[in-house]
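> Using the sequences plus the hints, can you model the full thing?
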Amino acid sequence: MDGHSRSAKLLVGSATAVSALTMLVFGAWMRIDPPSFAEFAQFPNHTHFLHDAGVFQIGIGLMMLSALVWRDVLSIALGGFIVTNTLHAINHATDLELGGSPDTWWQLGLVSLLALAGLVAHRRQLKAVRTRESARNV
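For the sequence shown, position 91 (counting from the first letter as 1) is numbered 91 according to the working numbering, and the numbering increases by one without interruption.
No lab work stands behind these hints: they were computed from the structure. Just so you know, not all the hints are guaranteed correct.
Straight-line alpha carbon distances no greater than 20 Å define the calculated SDA-like cross-link-like pairs of lysine to any residue that follow [said to hold, decoys possible]:
(1) LYS9 to ARG71
(2) LYS127 to VAL69
(3) LYS127 to THR86
(4) LYS127 to LEU110
(5) LYS9 to LEU21
(6) LYS9 to VAL69
(7) LYS9 to ALA20
(8) LYS127 to ALA117
(9) LYS127 to LEU74
(10) LYS9 to MET63
(11) LYS127 to TRP70
Predicted model only: the values in this text are computed from it and were never measured.
Pasting the structure below:
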């Protein structure tokens with residue numbers, strides 16, 4: 001937030017943190033106790049879909065919090081995707097008795113591993129660029 005005034009930084013940071021924490025709390029609630037959340041929200045209690053909605057909200061909350069730390073959009077997007085997609089894969093593995101394809105969990109997991117490899121390669125490249133720039137500035 002270069003160029004922002006101190007008050008703007010405080011407002012933006014606070015709004016982001018509170019919004020992210022709201023997403024995390026409701027997402028965790030949906031994931032951990034779907035019947036209770038369904039009753040609260042007056043939704044039908046569909047366990048698997050509430051599990052999925054919960055992990056997607058958790059992913060959004062974590063991406064918002066990571067945006068307060070990382071300034072690299074690709075790292076934020078890949079990191080958020082990895083967490084969300086991996087939790088989604090776990091949902092499919094733990095909800096097998098509720099239906100769906102028995103192959104979905106590991107297919108989602110493979111995509112998470114591919115995204116993780118991309119994130120690691122990207123972060124290494126960023127570090128290498130910074131190292132080269134620092135060496136030039138000495």
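> Hint numbers the structure violates, sorted upward?
3 and 4
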